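Enquirer: Take a look at the letters that make up each chain.
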Amino acid sequence: MSETILKTEAIHTFIGQHHILQGVSFEARADAVTVLIGRNGAGKSSTLKTVMGLLPASEGKIIFKGKEIQSRKPYDIARLGIGFVPENMGIFADLTVEENMQVAMLREDAATAERLESVLEMFTALRDFWRAKAGILSGGQKQMLAIARAIINDTALLLIDEPTKGLAPIIINALIDAINQIKQHSVVVLVEQNFYMASSVGDYFFILDDGKVVHSGAMAELVQDEEMQSKYLGISKSV
Amino acid sequence: MAEQTPVQIFRRQERQKQYRSGTFFLKLAVLLLFILVPFLFPSFKSLDLALKIMIFAVLVASFDILLGYTGILSFGHVMFFGIGAYSVALLIGKYGNPTYINLVIGFIVALGITSALALIVSFLSLRVKAIFFAMVTLAIAEFAIILATKLSGFTGGEDGIIMSMPGIFKVSFNMGKFLGVEITGRLITYYFILVVCLGLFLLMIRFINSPLGRVMQAIRDNEPRAEAIGYKTFIVKSISICFGCLVSTILGGLYAMWVGYANPESVLGIPIMLDVLLMEIVGGMGTLYGGLAGAAFLEFAHSFLPDLQNFAKSLFPGAHFLHAAMERWLLIFGILFIMVVFFFPKGIIGSVQDFMARRKTAPSI
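Chains as they are written, first to last, in this note's numbering: chain W, 519 to 757; chain S, 136 to 500.
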C-alpha cells in the first residue's frame, strides 16, 4: 500500500453558526487520485477549503507529509507544496494569461521554466491566448488556466474543486486527460459531482453526506455498486 | 547562445516592439510638450497650469497604485502630500533658512514621518474590511487637517507658512535669456519638478510591472486566491500603501516649492482628495497614465471654466441668459464630468485601452 501524503482526522468546521464539517476523516495516498463525492451541500468543497486554511478547523487534525497544518495560514500551506484549484477557478480576470502564470510562479528557476513549457504543451489554448486578459477566456480555458497555475510550482498535492462544473463534454474529456497526466507527478484530491469524471480519474473515493464521511473504498468497487451510487449520489440504477 | 523557449522568444519580441509602438511616440510627444511649454506658451498661467497637471498626474498615479492596482481605497492619500509640503515649508520657511541643505532635510524628514505613519495606518487598518479602511483613513486625514489648523504656533494655522526658495530656485533668480525666454528661478523650479515627476512616474511603471506589482493586481482581483497561491497579502498591501504614500509626500514637497507656501486648504484639504478621486475616475483606474488625462481634464476645467463668462460677454454682448449660465461654471463642469463618465465608463485611458485591446487580435506564442 502506498504512503499517505494527506490525512484529516475528525475535522470540524463552522461557517458562521452552521456546523458544516462534523468530523471528516479521509486520507490521500501517494501516486493516486482521491475523489470526494456527495450531493450538494455535503461538505466536499468546505473540506478542501479547510485543508487549504481558507476555512478554520475548529477541531481535528490535518496532517500533510507528517506535519500538522490545521492552524497554518493559507500562504504557509501553499508554500508547503499544496496547490488549490477552487470551484470558481479564481483566475485573475484583469491580468493576462501570462501574468496569471507569473503570479502563480513562486520561484523563477530553470525547473519552473521547464514546467511552464510542459504545462503549455498540455494546455495549448493557453499558448494561443498568452497575452489576452484571462477574463475573456471560455469556461474550459479558465479551468485549464486555473489548473496550470496550480501545477506550475513543485506541487506535491493538488486539491481540485469541481473542475467539470458547467463545462461541455468535450472539455471534460480534455480535463480527464490532463488530470491523468498530472497524477504521474502529483497527488490529486478531487471534489467532483460528475460521476463519469470521478470514475475516469479516481483511484479511491470518500462519500460525504451531511458533513461526514459515510463510505470509502476503491473507485472500482463504487463503479460496480449501483445501490450506493443511487443512495448517495442520486444516480439512477440501470434497468 | 542557449536555445530559447517559445515564451522567452515571445518576451524578447515584445521588448523590441515596445520602442516602436505608436503609444511610445505619443508618450514622448507629451513629455516634449511639457518640456516646451515655457517656450511655446510663455506666460505664468500656462506654466502654472502645466506644472499642476504634472504634479497632480503623478499624485493620481500614486493613488492609482493603491486603488487601481491593489484595490485599496484610502482617503488619507492627500494627507501625505500635506506632510511633504509642511515639512519643506517648516524647514525652510519657519524653523530654518532657505538653503539647499534645509530643503533636502525637509524632504528626508517628510519621508521619515510618512514611512512611520503609512506603516502604522496599514497595520492598524488592513486588518479591517475595505470600507472600514477607507473610513479610518478619512478620520486620520481629518485629524491631520484639525492638527494643522489648531496648532497655529507650529504650523501657522489656517494662514499656513510662506517661504522663499534657496539659490537657483528663488523667484528673483535670473540667468538671462535663452531663445527669448527669461531663465528665472521659477523656470528652473519648473524643470526640476518635471525631472523629479518623470523619475517618479518611471519608478511607478517599473513598480507595477515588477513581480510584486503583479501580485498587487492579483490581490485586487481576488485576495483569498492570491493568499492561497502563497502570498502574504497583508505584507504586499502594506508595501503598496507605503510606496504610494512616499511618492505622494515627495510631490507635496515639490508643490510647496512651486507655490511658496503650505496651508491646510491648499495641501491637506478634503476637496483636494476629492479632486484626486475625480481625476482617477476621469482618467481610468489601473492605468497609471489615466492620472495625466484626469489631471489635465480637471486642471483645464478649473483654469478656463471660470473665464467662460468673460469669453461669452466678449463674443455675445447682449446674451444675458448665456452670461448667467456661464457664470455657473461649476454646473458646466458637472455636466462635462457626467458626459466623460457616460462616454468613458472605464475612464478616458481605460476606455481607449479597452478599445485598442478589442481591435488587436491576441497574438499566439
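For the record, the hints were derived by calculation from the structure and aren't laboratory data.
Since we're looking at a predicted model, the values are computed, not measured.
Cβ coordinates follow ideal geometry from the N, Cα and C atoms, glycine included.
A couple of the hints might just be wrong.
Stated by the list, open to error - FRET-style restraints, in silico, Cβ to Cβ:
1) W:Asp627 to S:Ile405: 35 to 41 angstroms
2) W:Leu624 to S:Ser181: 31 to 37 angstroms
3) S:Ile405 to W:Phe532: 38 to 44 angstroms
4) W:Thr642 to S:Val476: 53 to 59 angstroms
5) W:Asn606 to S:Phe451: 55 to 61 angstroms
6) S:Ala265 to W:Asn606: 27 to 33 angstroms
7) S:Asp489 to W:Gly684: 24 to 30 angstroms
8) S:Asp489 to W:Asp627: 51 to 57 angstroms
9) S:Leu161 to W:Ala548: 54 to 60 angstroms
10) S:Glu317 to W:Ala628: 58 to 64 angstroms
11) W:Ser543 to S:Ala274: 47 to 53 angstroms
12) W:Leu624 to S:Ser307: 56 to 62 angstroms
13) W:Ile753 to S:Arg147: 24 to 30 angstroms
As the list claims (entries may be wrong) - Calculated lysine-lysine pairs in the DSS-like style (CA-CA distance at most 27 angstroms, straight line):
14) W:Lys583 to W:Lys701
15) S:Lys367 to W:Lys525
16) W:Lys651 to S:Lys312
17) S:Lys264 to S:Lys367
18) S:Lys305 to W:Lys651
19) S:Lys264 to W:Lys585
20) S:Lys162 to S:Lys367
21) S:Lys187 to S:Lys367
22) W:Lys591 to S:Lys162
23) S:Lys312 to W:Lys583
24) W:Lys651 to S:Lys367
25) S:Lys187 to W:Lys651
26) S:Lys162 to S:Lys152
27) W:Lys591 to S:Lys264
28) W:Lys730 to W:Lys583
29) W:Lys683 to W:Lys651
30) S:Lys180 to W:Lys579
31) W:Lys585 to W:Lys651
32) W:Lys749 to W:Lys683
33) S:Lys367 to S:Lys180
Claimed, not checked - Looking from chain W toward chain S, a few residues come up when the C-beta cut is under 8 angstroms (computed):
34) Glu605
35) Leu624
36) Arg625
37) Ala629
38) Ile753
Enquirer: Hint by hint, say whether it matches the structure.
Expert: Taking the hints in turn, this is what the structure says about them:
1. W:Asp627 to S:Ile405: 35 to 41 angstroms: Check failed, 49 angstroms falls outside 35 to 41 angstroms.
2. W:Leu624 to S:Ser181: 31 to 37 angstroms: With a Cβ separation near 51 angstroms, Leu624 (chain W) and Ser181 (chain S) fall outside 31 to 37 angstroms, so the hint is violated.
3. S:Ile405 to W:Phe532: 38 to 44 angstroms: 42 angstroms Cβ-Cβ, so the 38 to 44 angstroms window holds.
4. W:Thr642 to S:Val476: 53 to 59 angstroms: Once the Cβ atoms are compared, 41 angstroms apart, the range 53 to 59 angstroms for Val476 (chain S) and Thr642 (chain W) is violated.
5. W:Asn606 to S:Phe451: 55 to 61 angstroms: The hinted range 55 to 61 angstroms holds for Asn606 (chain W) and Phe451 (chain S), with Cβ atoms some 59 angstroms apart.
6. S:Ala265 to W:Asn606: 27 to 33 angstroms: Violated - the Cβ-Cβ distance for Ala265 (chain S) and Asn606 (chain W), about 20 angstroms, lies outside 27 to 33 angstroms.
7. S:Asp489 to W:Gly684: 24 to 30 angstroms: 26 angstroms, holds
8. S:Asp489 to W:Asp627: 51 to 57 angstroms: 36 angstroms, violated
9. S:Leu161 to W:Ala548: 54 to 60 angstroms: Holds, since Leu161 (chain S) and Ala548 (chain W) (Cβ atoms, about 56 angstroms apart) stay within the stated range.
10. S:Glu317 to W:Ala628: 58 to 64 angstroms: 60 angstroms, holds
11. W:Ser543 to S:Ala274: 47 to 53 angstroms: 48 angstroms, holds
12. W:Leu624 to S:Ser307: 56 to 62 angstroms: 58 angstroms, holds
13. W:Ile753 to S:Arg147: 24 to 30 angstroms: 53 angstroms, violated
14. W:Lys583 to W:Lys701: 17 angstroms, holds
15. S:Lys367 to W:Lys525: 25 angstroms, holds
16. W:Lys651 to S:Lys312: Cα-Cα ~52 angstroms, so violated.
17. S:Lys264 to S:Lys367: 16 angstroms, holds
18. S:Lys305 to W:Lys651: 50 angstroms, violated
19. S:Lys264 to W:Lys585: 32 angstroms, violated
20. S:Lys162 to S:Lys367: 35 angstroms, violated
21. S:Lys187 to S:Lys367: Not OK: Lys187 (chain S) and Lys367 (chain S) at ~37 angstroms, beyond 27 angstroms, violated.
22. W:Lys591 to S:Lys162: At roughly 44 angstroms apart (the allowed maximum being 27 angstroms), Lys162 (chain S) and Lys591 (chain W) break the hint.
23. S:Lys312 to W:Lys583: 76 angstroms, violated
24. W:Lys651 to S:Lys367: Answer holds: Lys651 (chain W) to Lys367 (chain S) is near 24 angstroms, not above 27 angstroms.
25. S:Lys187 to W:Lys651: Distance ~34 angstroms between Lys187 (chain S) and Lys651 (chain W) Cα, so the pair is violated.
26. S:Lys162 to S:Lys152: Within the cut-off at roughly 15 angstroms; holds.
27. W:Lys591 to S:Lys264: Holds, because 18 angstroms separates the two Cα atoms, which is no more than 27 angstroms.
28. W:Lys730 to W:Lys583: Answer holds: Lys730 (chain W) to Lys583 (chain W) is near 23 angstroms, not above 27 angstroms.
29. W:Lys683 to W:Lys651: 22 angstroms, holds
30. S:Lys180 to W:Lys579: This hinted pair is violated, its Cα atoms lying about 70 angstroms apart.
31. W:Lys585 to W:Lys651: Outside the cut-off at roughly 38 angstroms; violated.
32. W:Lys749 to W:Lys683: 22 angstroms, holds
33. S:Lys367 to S:Lys180: 48 angstroms, violated
34. Glu605: Given a least distance of 12 angstroms, the restraint on Glu605 (chain W) is violated.
35. Leu624: At 5 angstroms from the nearest chain S Cβ, Leu624 (chain W) passes the 8 angstroms test, so the hint holds.
36. Arg625: Not OK, violated: Arg625 (chain W) not within 8 angstroms of chain S, min 10 angstroms.
37. Ala629: 13 angstroms, violated
38. Ile753: Interface hint status for Ile753 (chain W): violated (32 angstroms vs cutoff 8 angstroms).
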